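**Student:** As a plain string of letters, each chain reads:
Protein chains: 4
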Amino acid sequence: MSSTVKDMLATYPADLGDIDQGKLTRCIEECIACAQACTACADACLSEGMVSDLTKCIRTTMDCADICTATAAVLSRHTGYDANITRAILKACVTACKACGDECASHADMHEHCRVCAEACRSCEQACNELLAALG
Amino acid sequence: MSSTVKDMLATYPADLGDIDQGKLTRCIEECIACAQACTACADACLSEGMVSDLTKCIRTTMDCADICTATAAVLSRHTGYDANITRAILKACVTACKACGDECASHADMHEHCRVCAEACRSCEQACNELLAALG
Amino acid sequence: MSSTVKDMLATYPADLGDIDQGKLTRCIEECIACAQACTACADACLSEGMVSDLTKCIRTTMDCADICTATAAVLSRHTGYDANITRAILKACVTACKACGDECASHADMHEHCRVCAEACRSCEQACNELLAALG
Amino acid sequence: MSSTVKDMLATYPADLGDIDQGKLTRCIEECIACAQACTACADACLSEGMVSDLTKCIRTTMDCADICTATAAVLSRHTGYDANITRAILKACVTACKACGDECASHADMHEHCRVCAEACRSCEQACNELLAALG
Numbered sequence: 022m023s024s025t026v027k028d029m030l031a032t033y034p035a036d037l038g039d040i041d042q043g044k045l046t047r048c049i050e051e052c053i054a055c056a057q058a059c060t061a062c063a064d065a066c067l068s069e070g071m072v073s074d075l076t077k078c079i080r081t082t083m084d085c086a087d088i089c090t091a092t093a094a095v096l097s098r099h100t101g102y103d104a105n106i107t108r109a110i111l112k113a114c115v116t117a118c119k120a121c122g123d124e125c126a127s128h129a130d131m132h133e134h135c136r137v138c139a140e141a142c143r144s145c146e147q148a149c150n151e152l153l154a155a156l157g
Numbered sequence: 022m023s024s025t026v027k028d029m030l031a032t033y034p035a036d037l038g039d040i041d042q043g044k045l046t047r048c049i050e051e052c053i054a055c056a057q058a059c060t061a062c063a064d065a066c067l068s069e070g071m072v073s074d075l076t077k078c079i080r081t082t083m084d085c086a087d088i089c090t091a092t093a094a095v096l097s098r099h100t101g102y103d104a105n106i107t108r109a110i111l112k113a114c115v116t117a118c119k120a121c122g123d124e125c126a127s128h129a130d131m132h133e134h135c136r137v138c139a140e141a142c143r144s145c146e147q148a149c150n151e152l153l154a155a156l157g
Numbered sequence: 022m023s024s025t026v027k028d029m030l031a032t033y034p035a036d037l038g039d040i041d042q043g044k045l046t047r048c049i050e051e052c053i054a055c056a057q058a059c060t061a062c063a064d065a066c067l068s069e070g071m072v073s074d075l076t077k078c079i080r081t082t083m084d085c086a087d088i089c090t091a092t093a094a095v096l097s098r099h100t101g102y103d104a105n106i107t108r109a110i111l112k113a114c115v116t117a118c119k120a121c122g123d124e125c126a127s128h129a130d131m132h133e134h135c136r137v138c139a140e141a142c143r144s145c146e147q148a149c150n151e152l153l154a155a156l157g
Numbered sequence: 022m023s024s025t026v027k028d029m030l031a032t033y034p035a036d037l038g039d040i041d042q043g044k045l046t047r048c049i050e051e052c053i054a055c056a057q058a059c060t061a062c063a064d065a066c067l068s069e070g071m072v073s074d075l076t077k078c079i080r081t082t083m084d085c086a087d088i089c090t091a092t093a094a095v096l097s098r099h100t101g102y103d104a105n106i107t108r109a110i111l112k113a114c115v116t117a118c119k120a121c122g123d124e125c126a127s128h129a130d131m132h133e134h135c136r137v138c139a140e141a142c143r144s145c146e147q148a149c150n151e152l153l154a155a156l157g
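Chains as they are written, first to last, in my numbering: chain A, 22 to 157; chain B, 22 to 157; chain C, 22 to 157; chain D, 22 to 157.
If we strip away everything but chain A, and leave its shape as in the complex, we get:
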């Protein structure tokens, strides 16, 4: 999986500018991994007996999945690059991953899927912040 993101970046036919390709690759990988983990966590929460205690968690994971999916798509495009759009969606992704990581972490002792999902959110949040810092 990770090699495909890297291979697609390596075969881009035009100039990528001075972007940090390692940080970009990692950020795309984290966004798509986080989106999948959040979709799966929302569903796992639905199958818990105490689903009524997890409604905020389900909602937040769904938002985070949608925003991570959009972020991965924007970051996968380089033609006609607009730094303003990249920064804005990265900031939204950081906000969603922070909120979702906090929410899932609060259920991590009770639910293993929330623990795994919280880790994915933390990792994605960090990758987005590092890419944002590298963009200047």
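Among the clues, some could well be false.
Below 20 angstroms or equal to it, Euclidean Cα-Cα: the simulated EDC-like pairs (lysine to aspartate or glutamate) are [said to hold, decoys possible]:
hint, chain 1, residue 1, chain 2, residue 2
1, B, K119, B, E140
2, C, K77, D, E133
3, C, K119, C, D130
4, D, K119, D, E133
5, C, K112, D, D103
6, B, K77, B, E133
7, D, K119, C, D103
8, C, K77, D, D103
9, A, K77, C, D74
10, B, K119, A, D103
11, D, K77, D, E133
12, C, K27, B, E133
13, D, K77, B, D74
What the hints contain is simulated information worked out from the structure, not anything from laboratory work.
These numbers were taken from a predicted model, which means no experiment stands behind them.
Guided by the hints, dock chains B, C and D onto chain A, whose structure is given.
**Tutor:** Same frame as chain A, but now just chains B, C and D:
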């Protein structure tokens, strides 16, 4: 179409807080209309003889479509509301719609689909800004 | 809203072939309306006191939203048309809308949002079937 | 990346039935890898000097990305499982990956990104077919 967004909001079973429901309804409608217009405009640009002059336009409309789709989904959820996520994705949507509206407007004299798409972007940008202002 | 779908189709710069433009327009509109209704219904179910009775409904509405969104995007593109892809995603959309309409209809007496969503699913299912029939 | 899909499946709190978890994990991973590769390939095609020769390729990769993303989401949910929806979206994904793999393969000698993307499509098509066969 517009009545379904309004009807779903009207039948939400819990407290919606003091959000401006008219502005929320309009913003969701504009986001999904803009996403569709942008997807269609990217494709229409592909069928122009001068597609090589429209590559930045195609890229920007694809970003705008992805971000508008995510924004519409986030705005369609009210359970466990997190104002930080709503504000962050609305800001990203404003940025994308501004960039896409500008780009499409620059081709509007040549391409009717860019003119229609630019209007959809302007309208969505305005609806997002009005909802942001109403959120405080 | 509906006028944007129609306007984008009307300004497509190349030959649309012999597709029924009225049926295509309606199908795109129904898909995006159904996707939004399903996203909103999943969230409304989460806020019901009896959410544990609605977990299958929430799951099915999320699937239906994802499939309707993909279908609307595919139908909004005309360049390099491939009837096999169009037919396959329309069939998947019919299947999802039928399942989701049935599930939501079974809760319609208890929950108004399920009633509205079931209508959106039925209407989308019908529009997809009519477009499929027109494609031959 | 691959471990997150597997870990989320392993922590699902309810019965997964007799589904082949290895094939399911691989299929989800292939769908999200293919979606990213297709989004990146559409963008790489836009930056080729001969973009006018690649318009069908760009369109098909965009369709394939949208359908793969929807398929990954549906496959990531297990609550209230409906085999009809799973089969229908898998069949649509096979159709899209076959068409996109063929189209990209026809440009693989000229464009490295099309070669990488064609491989991602072939691999995803195979994983979807294997999961379909396992579902019975």
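**Student:** Please flag the earlier hints that this structure goes against, numbers listed from lowest up.
**Tutor:** Hint 2 contradicted; others consistent.
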